[in-house]
Structure formats: structure tokens, C-alpha cells
Amino acid sequence: MPDLGEYAFAVLASYGVTLILVAGLVGLTIRQRARVARQLAEVEARMAPRDDA
Amino acid sequence: MSLWEYANPRRFMDTTGWLTPWLAAAAAICLAVGLVWGFFFTPDDFRQGSTVRIIYIHVPAAMMAINAWVMMLVASLIWLIRRHHVSALAAKAAAPIGVTFTLIALATGALWGQPMWGTWWAWDPRLTSFLILFLFYLGYMALWSAIDDPDTAADLTAITCLVGSVFAVLSRYAANFWNQGLHQGATLSLDAEENISDVFWLPLLVCIAGFVLLFLTLVLVRTRTEIRARRLQALLLRERMA
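Residue numbers (the working numbering), protein chains in the order written: chain A, 1 to 53; chain B, 1 to 242.
Hints are not guaranteed to be accurate.
[Claimed, not checked] Some but not every residue of chain B turned toward chain A, in silico, with C-beta under 7 Å: (1) Ile57; (2) Ala107; (3) Leu218; (4) Thr225; (5) Arg228; (6) Ala229.
The set of hints was computed from the structure by calculation and includes no laboratory data.
The beta carbon of each residue, even a glycine, is placed where N, CA and C say it ideally should be.
Here chain A stands alone, though its shape is the one from the complex:
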């Protein structure tokens, strides 16, 4: 760990804020993707028998 001296708060807080925001964005993106894919698969499975008929 480098010696950040008197600016340790500014540097670590900058990296911390960035990590939290990027992790939140990535997490939200993955969650939305999984939710929509699951719902679409359910609806497609439900409608498949009708399409075959």
C-alpha cells in the first residue's frame, strides 16, 4: 500500500465511491438481464403450445 499521506481520505474515498457506483451499475444490469430473460422464457414456453396448435 503506497503512503498516501495527508490526502489518504481524498484518494481512498474516490476509489471507494467509484467501486460502489460501478458495482451497483453492473449488479443492476445483470439483475435486470436475468429478470427479463426469465420472464421472456416463461412467456415463450407458455405460448409455444398455442403456436404449435
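Position chain B relative to chain A; hints supplied.
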């Protein structure tokens, strides 16, 4: 092969399906290498001390905050002119990413500004235009959420994007237009003989590549989700009508 083939959702899904994991891996590698290199293996700046390490997140985030809006502008123009739905959905998908990068740039700028300028915030041209860009991002996303009809939402948000582009351009060039602000001139410029020392420049370049790749990955994943969501809505409507 024409670029417009990707306006076909099926073609877009097929191509991006295999591309996305590679982009994600490249983004993770670039970010890990760039940030570890910049944070642990670069020296303090002779004037800014250890705060120079903030450059590895502040500059790429600020660049991508503006470039995300430019990408939304291009996609919005394609929607308005050629009515390709994938482009409208790509613009919608990019907004949450752009707003996150703008927030990172604003937050890290404030954290950097406090020890260097003695203040968290100043109504400096670049800072102010960036704040307005942030508000435009929020307005753009709110407009998408507020309108039920997707085509009307795409039309109105595209117009919002065109108007907001003024502030995206101002955010980029404000430091060149006005000299009275606290914010320094552009850190990186193609016409400058030397921007910053190589010891900072090289890890910064890797971090910029990482942020660009992260942006591309997230735009593709989110656009794919929007396309699936659009198909889901269509199927549910069809089911109700049957």
C-alpha cells in the same frame, strides 16, 4: 456487409451474444491492470502529491460521461432519421451508464478539488456544464420512464438528447473556451506536444481503454435486455389479445 444489418434485432442479438463476454473480459483485465498499476506503482506528483492517483478514475469517467452522450446522440439521430428501433433502445440503454460515469466524475472531482483548490465545488464553467449534463441524463431517463408508448418516448427522448448535446460539447470544451474557471485545461490533447509524464500517461491510457470497454460491454448487455423486454411486451400483448 452493411452496418444497417445490425438494425435487425435478431442479427444484433446473434452478433453481440458472442462478442459481449470477450468485451467484458477485456474490460476487466484493462481496469485491473490500469488501476493496480496507477494506484500502487506510480509516484506522487511533485505538486498534487498522492491525489494524482485520482486521475486514473476521474479522467476516464469524465471522458466516458461525455462520449456516452455523444453515442446517445448518434443513436437518437439514427432513430429520428431511419426509425431503427435497435438504435433507440441502444440510446436508452446507454443513459444509466452515462449518468453513473458523470456522477463518478463529479464525485471524484469534488474529492480531488477539496485538497487542491480548497473547495468541494465552484461554479466553474466545466463543473457547471458537467452538472447540467448530469441533470440532462436524469431528465432523459425520467422521460423514457414517463411515457408508455415506446415510439413516442423514443421521439421525445431523442429531441432531449439533441438539446443536451450542447452541454456535452460545453463539458468537453469549457476549459478551452473560458479561462476564469478553477478547473485546469484538458489533461489530454492531441495537439499538445506533451500532455502528462509517461509515468502517469501509460497507466491512464490502460484505464481509459478499460472504461471504454466497460461502457461497450454494459451498453451491449443493456441493449440486449431492452430488445428482450420489447419482445416480452409484444408477446404479453399478443397473449391478452388472443
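_Hint numbers not upheld by this structure, sorted from lowest to highest_ = none
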